Structure formats: C-alpha cells, structure tokens
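J.: Based on these hints, arrange chain X on the given structure of chain W.
Line order of the protein sequences matches chains W and X.
Per our numbering, the first sequence starts with residue 1441, numbered consecutively.
Per our numbering, the second sequence starts with residue 5, numbered consecutively.
If you're looking for bench data, these hints aren't it; they were derived computationally from the structure.
Here the structure is a predicted model, which is why all the values come from computation and not from measurement.
Some hints here could point you the wrong way.
Unchecked claim - On the chain W side, residues computed to face chain X include the following (Cβ under 8 Å):
1) A1449
2) A1486
3) D1490
Claimed, not checked - Partial list, derived from the structure: chain X residues whose beta carbon lies under 7 Å from chain W:
4) K40
5) F42
6) I44
7) L46
8) R47
9) G53
10) E56
11) A82
12) T86
13) H136
14) L140
15) A152
16) G156
17) L181
Yeah, the Cβ is synthetic: ideal placement off N, Cα and C, and Gly gets one too.
What follows is each chain in one-letter form.
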Amino acid sequence: MTERDQLAAEFALGLLEGEELLAARGLAASDRGFAELVARWQEWLAPLLDTIAPVEPDAALWHRIAEAIAAPASAEVVRLRRVVRVWQLGTAMAAAAALVLALFVTLPGQGPGPQPAATQRAAAPAPLAVALAPQGGGTLSLVYLPGERRLVALAGALPARKGHDLELWLLPEGGKPLSLGLVAPGATRRLAIPPALAAQLGDGSAIAISLEPMGGSPTGQPTGPVLASGKVAPV
Amino acid sequence: MNASEAERSALLAAMHRLRAGEQAALAEIYRATSAKLFGICLRILQDSGEAEDALQEVYVGLWRNAARFDESRASPIAWLATFARNRAIDRLRMRGRAGTDAPIEAAGELADPSPLADIALEAGEDSLRIHHCLSLLEARQSSAIGAAFLDGTSYPELATRAGVPLGTMKSWIRRGLARLKECLER
Chain W
1441 MTERDQLAAE
1451 FALGLLEGEE
1461 LLAARGLAAS
1471 DRGFAELVAR
1481 WQEWLAPLLD
1491 TIAPVEPDAA
1501 LWHRIAEAIA
1511 APASAEVVRL
1521 RRVVRVWQLG
1531 TAMAAAAALV
1541 LALFVTLPGQ
1551 GPGPQPAATQ
1561 RAAAPAPLAV
1571 ALAPQGGGTL
1581 SLVYLPGERR
1591 LVALAGALPA
1601 RKGHDLELWL
1611 LPEGGKPLSL
1621 GLVAPGATRR
1631 LAIPPALAAQ
1641 LGDGSAIAIS
1651 LEPMGGSPTG
1661 QPTGPVLASG
1671 KVAPV
Chain X
5 MNASEAERSA
15 LLAAMHRLRA
25 GEQAALAEIY
35 RATSAKLFGI
45 CLRILQDSGE
55 AEDALQEVYV
65 GLWRNAARFD
75 ESRASPIAWL
85 ATFARNRAID
95 RLRMRGRAGT
105 DAPIEAAGEL
115 ADPSPLADIA
125 LEAGEDSLRI
135 HHCLSLLEAR
145 QSSAIGAAFL
155 DGTSYPELAT
165 RAGVPLGTMK
175 SWIRRGLARL
185 KECLER
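Chain W extracted, bound-state conformation (with noise of 0.2 Å):
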C-alpha cells in the first residue's frame, strides 16, 4: 500500500488528526483520485455500520428539523456563531475544522453541506493546494497551510532521480525564484516557510519543481531543467 492509499484509508477512518488531516483534507479537495480513493474506503466501510442496533430518537426531534428548514436563516446563523466561537478557541481548532468539511468532501458525489467551508475559511486562511506531474514521471502534491506556514510535500508517488535531488520554487511576480526547500522522493515533507517567503505566497502563486545537484541549488537560484510548475488555488 502506498504512503497515499493509507493516509485515504486513515482519513476515511477517521483516525487523522493535526498536519496530516489537513493535508488529506486538501488532497481530498484537490485531488480526483485520492478523493476517489477516500470514497472507496468509505464504501467498503459501510457495511460494517449494520452491525449497529436502530435506536429511536425522540419524537421531539423531527420538529426541530421541521422547523430548522422552515427558518433556514436564523437556524443557520445561530448555528454558524455557535461553530465560529468553538473555533476560535485556538489554532488547534483548525484541525477540527478541517475535518469537518473533510468529511463533507469525502462523502460519495460530495456529500451534503457545504456550509461548514465558508465558516472554516473565515475562521481560519484556507489551505492552498497544487497537484505537479513533473516530467518524468510521478505525481506531486503540495498543500501550503497559511496559517502555520508550512507547505506539505507530498511525495509518494515520486520517484526519485537518479544522482539528483528535486528543489521547489516559489516563483513571485517579476520577482527572481525563491526556494522553498527540497522534495523528498518517496516520502512526505513538512517544510517550513519563512515569514519573508510566506508573505509572497497566496492563492494564485506559481510554483515550479526542478532537476538540482544533491543537497539542492548551489546557486539559489534554478541551475537545472524546470520539470513541471503549477499555481495554488484555495481548497
């Protein structure tokens, strides 16, 4: 099983938390096929809630939906306060908020509710994220989370280059390339991305791999063939 197909199944599960559930969550928003791979797990799964015994709800409660979809809006801005004032709780909160609209996006055809992500994005930036096919092969997924500064590398599906290391650029508007740091083939890497660097980085910046010398640029600047670039886009 590759480092993918298990974070889809332990994303599916439940069992995420922190980095890597944002990380999923992002891939799940931007990425057809881990979403798709989140949704097989979540079929497969399914059955199992059978062995759950039926147990009735109060009576009371099929008013209260009633009403909640008789008076939408005022049912839905108490609501929304309710969640936004749990949220700000503090930065760990955003995990959870991740997962709530996780498990929105994970939901066979999307699942009901999109609600959750205009609140989650007021309550905190919203990741951004890019998948890269570089030449050569593989797939590169990236999800940068403003709010820690930390860009995700995700690189199971890449393979590494022989003799090579494989640098990441942040590629700013009349600007020269600033490097991000350096994709580990195979694996998955947090990288930390210095106040200066993150400022520059928001929705819409490009973002381009290339072919280095072991240990990365000597230069600072890109010596080797640009394999692919992409621009980030809210998840």
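T.: Relative to chain W, chain X alone:
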C-alpha cells in the same frame, strides 16, 4: 441497511422526490432511516443530546443538498449512514479538542468485530466482503480498525486501551489496512 428490497426501492423513490424539492419526501426518509442513523450517532457520541444534534444536521444537510446523492455509487441508506457517522465523528473530535472530552475509560468498550446475524439481510456481496476480509486479520488489528470506524476511537485512545505505544498501534492498523485493501480488491 437491513431494509427489505421494497423498503429500499421506496427509499430511493423518496430520495428522487426530495431531489425534486418535495418536503414531504424528507419526512418519509426520516421515518425510514432516523432510528438507524440515530443508533450510529449515539454509538459514537455516547450522549443522546449530542447525537440528536448530529442527526438534525444530517437531515437538514440532506434537505439542502439532496442533489449530491449519487445513486450510481451507493444505496441511499449506505450513503446516509456514512454521512451520519462522519457528522458524529466530527462532533466527537471537536469535543475532544475543546478539552471537554470524557476520560478515555468512559469512551466505551472495544467494538466486537464479529458480524452480527442480521447482516445476511443486507443485499449484495459487498457487505459480506468487508466482514470476511476483517476476519482474516489478526484479532488485534481487526478490533482496532473496527473500534476506529464504529466508535470513532482515535489512535491515542486505541493505544492506551491496548496498552501499547502509539507507534505500535499505528503500525498495527496500517499493516491491517494494507492487508484489508488487498483482500477487498481481490
């Protein structure tokens, strides 16, 4: 998911009417599925008030987004059950992070991974396959995976209950998931 064929097709028809915006269809779907979904929420949340809140979110969400149900992928009940489970686990994790979680010991017993007799009522071999494949795993793997899925038990809780380090529990589960996938894809 123990519905007979007639109940299944009635539910699917109600989902179609819901998609067309018919509010009465939601009441019908609620009558047919709420006990099943409430059981799932209650199992995970272990609190009837919270389970009711989760259930309310499921049906209100369903009403607003009925179009997202894809019948080519899942039966309505499997889809709704997955939705309810996900909502409940989401609440469970929020509660844990807000620092108001119950102590680990109070979180319930390990799930019994053995299939119940009534599973035969579920149509199709898909449901039999997951039980079969789980039964091929080591007992500690299948019970941990079952507890994660059915009770929403987290990695740290699973490790504490089994009395093993977190890393050990993670590798048990990951090895178990890899074997499970092999079997499920066969």
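J.: Against each hint, give a clear statement of whether it holds in the structure.
T.: So, going through the hints one by one against the coordinates:
1. A1449: Where the cut-off is 8 Å and the nearest Cβ of chain X is about 4 Å from A1449 of chain W, the hint holds.
2. A1486: Cβ of A1486 of chain W sits 4 Å from chain X, so the hint holds.
3. D1490: Hint holds; D1490 of chain W Cβ to chain X Cβ min 4 Å, cut 8 Å.
4. K40: 5 Å, holds
5. F42: Interface hint status for F42 of chain X: holds (4 Å vs cutoff 7 Å).
6. I44: 5 Å, holds
7. L46: 5 Å, holds
8. R47: 5 Å, holds
9. G53: Violated: closest Cβ of chain W sits about 9 Å from G53 of chain X, beyond 7 Å.
10. E56: This hint holds: E56 of chain X lies near chain W, its Cβ roughly 5 Å from the closest one there, short of 7 Å.
11. A82: 4 Å, holds
12. T86: With a closest approach of 5 Å, the T86 of chain X hint holds.
13. H136: 11 Å, violated
14. L140: 14 Å, violated
15. A152: Because about 5 Å separates A152 of chain X from the closest Cβ in chain W, which is inside the 7 Å limit, the hint holds.
16. G156: Because about 6 Å separates G156 of chain X from the closest Cβ in chain W, which is inside the 7 Å limit, the hint holds.
17. L181: With a closest approach of 4 Å, the L181 of chain X hint holds.
Consistency note: the structure conflicts with the earlier hints numbered 9, 13, 14.
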